[in-house]
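Protein chains: 2
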Amino acid sequence: MTYFLTTSQDDFETRFAALLGAKREDSPDVDDTVAGIIADVRARGDAAVIELTAKFDRLDLTPGTLRFSEAEIDALIADVPPEEKRALERAAERIRAYHVRQMPEDERWTDPDGATLGWRWGAVSAAGLYVPGGLASYPSSVLMNAIPAKVAGVERLAVVVPTPDGQANPLVLMAARLAGVDEVYRIGGAQAIAALAYGTDSIPPVDKITGPGNAYVAAAKRRVFGKVGIDMIAGPSEILVIADGDNDPDWIALDLLSQAEHDESAQSILITTDPEFGRAVVAAVDKRLETLERREIAGKSWRDFGAVIEVASLDEAAALSNRIAPEHLELCVADPDALADKCIHAGALFLGAWTPEAIGDYVGGPNHVLPTARSARFSSGLSVLDFLKRSTIAKMSPGALAAIGPAAETLAKSESLEAHGLSVRARLDKLNAT
Amino acid sequence: MTYFLTTSQDDFETRFAALLGAKREDSPDVDDTVAGIIADVRARGDAAVIELTAKFDRLDLTPGTLRFSEAEIDALIADVPPEEKRALERAAERIRAYHVRQMPEDERWTDPDGATLGWRWGAVSAAGLYVPGGLASYPSSVLMNAIPAKVAGVERLAVVVPTPDGQANPLVLMAARLAGVDEVYRIGGAQAIAALAYGTDSIPPVDKITGPGNAYVAAAKRRVFGKVGIDMIAGPSEILVIADGDNDPDWIALDLLSQAEHDESAQSILITTDPEFGRAVVAAVDKRLETLERREIAGKSWRDFGAVIEVASLDEAAALSNRIAPEHLELCVADPDALADKCIHAGALFLGAWTPEAIGDYVGGPNHVLPTARSARFSSGLSVLDFLKRSTIAKMSPGALAAIGPAAETLAKSESLEAHGLSVRARLDKLNAT
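Line by line, the protein sequences are chains U and E. Heads up: the first sequence begins at 424 in the numbering used here, then just goes up one per residue. Heads up: the second sequence begins at 424 in the numbering used here, then just goes up one per residue.
Which copy is meant is left open, because identical chains are indistinguishable; a pair holds if it fits in one copy or across any two.
Mimicking BS3-like on lysine-lysine, the simulated pairs with C-alpha atoms at most 27 Å apart in a straight line are: (1) K710 <-> K723; (2) K765 <-> K573; (3) K650 <-> K573; (4) K836 <-> K508; (5) K723 <-> K446.
Note that these hints are calculated values from the structure, not bench results.
Could you put the whole structure together from the sequences, leaning on the hints where they help?
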């Protein structure tokens, strides 16, 4: 049953804690299986990948057909309807325009001691992007992962996407083409992650792997972390809508359902200052659930994890929002900017009733890969920074070393690291001798 | 035996691969023990932490003495010699001045479609910093972890530092005080990580945990990752020095030894264009190893993992450096800036012979918490960004929704996410009706 809470209830804290603590995902323990697959791919390379693809995806490949040729991609994307192509292009343009602004600056300065300091950003040389097959094979996610990588300057961007029974998704290939992806391999699962991390004869290794996947993919990413970089391990999607009574209940119901339809484990929460409005939204959700194509999934998510919370004020709403730290936070109130200032933990903010969350999934511009499961308290959505790394820079003049070297020597001694101190002392002695 | 390679050798690739692949760290498998400790702290809180501290640190605590009082800290730091205090202050000032420049800007703009977009940075609310006890209890690391957190704006910064047999390190407490740390607890090990991640009656939970530690601490950090954010899991320290023949062999020897003295698993590599200079550095290392206080540790590191590589050109040196992706890269050549441009993977750059790596460990300003084990290919040293998270912002005007909404609707349909499309359509219909 959908949760109904009001902060005026005596047992509100208990009920809110139950809502926060609801375990929405029960990942099967596939770690041993995944460890075996990774070891096999490391040992036997292409042969292992080909065997595992035959087994799991019922697809016979050779080293020569692991990768889609450009001609195959051309042929598949020729079937994409023009309207969908134009929509993807529009999305790609807007996502690129947003992410270009994220590129950080290199810095270098000389401080009063004469030390030249700074940092320099550089792109990861090669990145791999996992794209799920089947139902959750979203072209929008290809854009959201690939465009930041290319904006960052990643030279070699490889996509892996399983094609069970050989069925490829033309829109995924179109998105990869629009985003400037360099290589697309028709493989998936833990074997694809292993191939990207360790390389095979046909698939050169990458330095960073991003993108969503099932429990096997998530376990494989955890295992190769360290050998390569990975993005976050995303959990089921979430939305929190804070709305006053001056909204169309059907709009808000649809916003809640657009998370719920993703996944039975998704969570949609409404916080409202207006109890009557809350009831109207619940009625609107029920009505939409009568006809929605994905009503089975959305209905189960709404019943199991959905919630409506009545609050006495927007300040109270903000305080609860900060405890939830939602992935998506939609503020449908008279002054969304003022409320946003009080909501300090959220992956993405959607300000005002004219900004349905779904805009952000496709064409808004900001990334839709966002922190879930309260991790917005300490992490951020995907960005160009995920495909960049920073080298710090230090360059001492003899004068700078003379000014700050003695302090380093003192601290080295206090930490019993003699060679550290001597490496400074040898230079200072030379300076003093000249 | 120290590795001696020259790129002109026929078997150079094999030998270089052996150097790159040398397994320097054999972490004991403590994962089950750590899982038990974490479960115990989650179940019994303070009582478990107190029992485990009695067992591992031979120290009897109560809930009231888990935390150092301000008076206790005052008394302990009163014993710090003035010269060390001044050196720590100097270091803290310089580290703060560097990290203040890393604070990123919030951005907000309205694009030609009328969409207001942007992002907003905010600090993690509470962070925990692990500080090892015993030999590797470095006050400099307290500054390097705590100052970026405070510059970022972390409100509550808690330090955990084990005090075996009750022995506290006054310099660590002084560093914590200088850096603005809010709470210091005399606990360590996996139990301290568990207490920070899950909280106890006496220790409120944090959102992010950083700082180095032994195998138990590293395993505990991996386990609580997701519940809280963590920094990287650091491996043994490394330095690569690229030097031409125009250097003092003793300076370079000391720079190599200042990594080697950290740890038997540390690695120091010299790449030089001048074979004679290479031999002179080896002789200088041997001579310094006769008297160095930590000659046992440094000697073992140098013999097991040290390397001298002769190259034909600085371009060749840069290419090898990029394959090594060193934590610290010191460029002792005539034009270090030009060479730095070619060395694209490195945690920290030290330009010119007047910039010994040890300067960066203490007073240079850049952070000394840096990516090891080739992870500079895809990750960066600690910075204020590690204590910040970003919320993206989207705010549509009705006109903006009219302009970009239809593309979102098309893509939602193509991904079979009907409610996504309807949430846009319901608003567009309202616009068209008015």
